[in-house]
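> As a plain string of letters, each chain reads:
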Amino acid sequence: MLQRIHDLYDELERHRVMLSFKGALSPELVTALLGAVERRMDLIEQDARTRKRVFNVVMECLQNLYHHNSNLTIGEGVPEASTEPHGVVMIAQSDQGYQVLTGNFMAGAEVDRLKGHLDRINALPPEELREFYRETLADGTYSKNGGGGLGMIDIARKSGGKLEYGFVPYDKDNAFFSLNVNVTT
Amino acid sequence: MSAFFLEGSPKTPHVNFDPETGLLELKGRSIPENSIDFYKPLIDWLDKYGRSPQPKTALHVQLEYFNTSSSKCILDLFKKLEGVRATGNEVTVLWHYEADDEDMLEAGEDYAGIINIPFKMIQIEEVDGREA
Chain A
1 MLQRIHDLYD ELERHRVMLS FKGALSPELV TALLGAVERR MDLIEQDART
51 RKRVFNVVME CLQNLYHHNS NLTIGEGVPE ASTEPHGVVM IAQSDQGYQV
101 LTGNFMAGAE VDRLKGHLDR INALPPEELR EFYRETLADG TYSKNGGGGL
151 GMIDIARKSG GKLEYGFVPY DKDNAFFSLN VNVTT
Chain B
1 MSAFFLEGSP KTPHVNFDPE TGLLELKGRS IPENSIDFYK PLIDWLDKYG
51 RSPQPKTALH VQLEYFNTSS SKCILDLFKK LEGVRATGNE VTVLWHYEAD
101 DEDMLEAGED YAGIINIPFK MIQIEEVDGR EA
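Chains as they are written, first to last, in the numbering used here: chain A, 1 to 185; chain B, 1 to 132.
No lab work stands behind these hints, which were simulated from the structure alone. Even for Gly, the Cβ is constructed at its ideal location relative to N, Cα and C. Each hint should be verified, as a subset may be incorrect.
[Said to hold, decoys possible] Label pairs and their in silico Cβ distance ranges: (1) Met121(B) x Glu135(A): 18 to 26 Å; (2) Glu20(B) x Glu13(A): 33 to 41 Å; (3) Glu109(B) x Gly160(A): 13 to 21 Å; (4) Glu20(B) x Arg40(A): 28 to 36 Å.
Using the sequences and the hints, build the whole thing.
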């Protein structure tokens, strides 16, 4: 077990991981994680625009984890209901910039809608993405948390690249959603 | 009616709405998990203000970050002010952005394209800083 701690550290170090977390999320923890990212970015990134973009992407991704979550954890490989949202997040430096990886369980019934939304975003060049953002902002509809479908569009705009994603079906009601956002510098 | 004042926090902006001068300020960060709860009292206040507004109203928006959960709520603030303007009063939004923050300038332009109020884009050195 002790060796595994070192191996884990070594692995995270080799992948230039700035922050990694897996577990239950609360608004207070989201604030603390954002604070850690901000302090780290202040030290390592000279370009203010990149610093802000990374912070924005991490913020939206963490709030997605918090809101769009079917509150499951894995006990012995079997999903278990929990009272809190659970997820995994990892932020790493890459040759092109920064990588923000997140994963969480979500309602299986929502998968097709989310996949369609992400494919639509990925198909749009930057100017049309901005237009899609404006239309969605102005359309007068609200989701229960207020974002109204703007989150992924904003993440894509700030990333400057395509959103890489995957769904792993888990059981009849749930799927695991993974998102990899590259913020290029 | 009384002024609306809120201290800023790591996730919510400093708010200072003064009905005597028509000077409204929203400054700092707006990244709460649930923006609807945070913005409801601000929107209610503007609703009331709109019944007997000052002839000139200026909203200063000086945000370092805002999340998409806040975006539509901020649009609702602007819509309330659009109503104030529609009744013959002068309304201006002064949208502050840091010199290197093109994304925040674009965000202001996005609102200006949707809302029928004159926007003035003001470049500053840094949020909480002076005008450039």
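> Each hint: holds or not?
Hint by hint, here is what the structure shows:
Remark: the range hint 18 to 26 Å for Met121(B) to Glu135(A) is upheld by a beta-carbon distance near 22 Å. In this structure, Glu20(B) and Glu13(A) break the distance hint of 33 to 41 Å, their C-beta atoms being roughly 58 Å apart. A hinted range of 13 to 21 Å for the beta carbons of Glu109(B) and Gly160(A) is consistent with their spacing of about 18 Å. The supplied range of 28 to 36 Å is broken by Glu20(B) and Arg40(A), whose beta-carbon atoms lie about 44 Å from each other.
The earlier numbered hints that this structure contradicts are 2 and 4.
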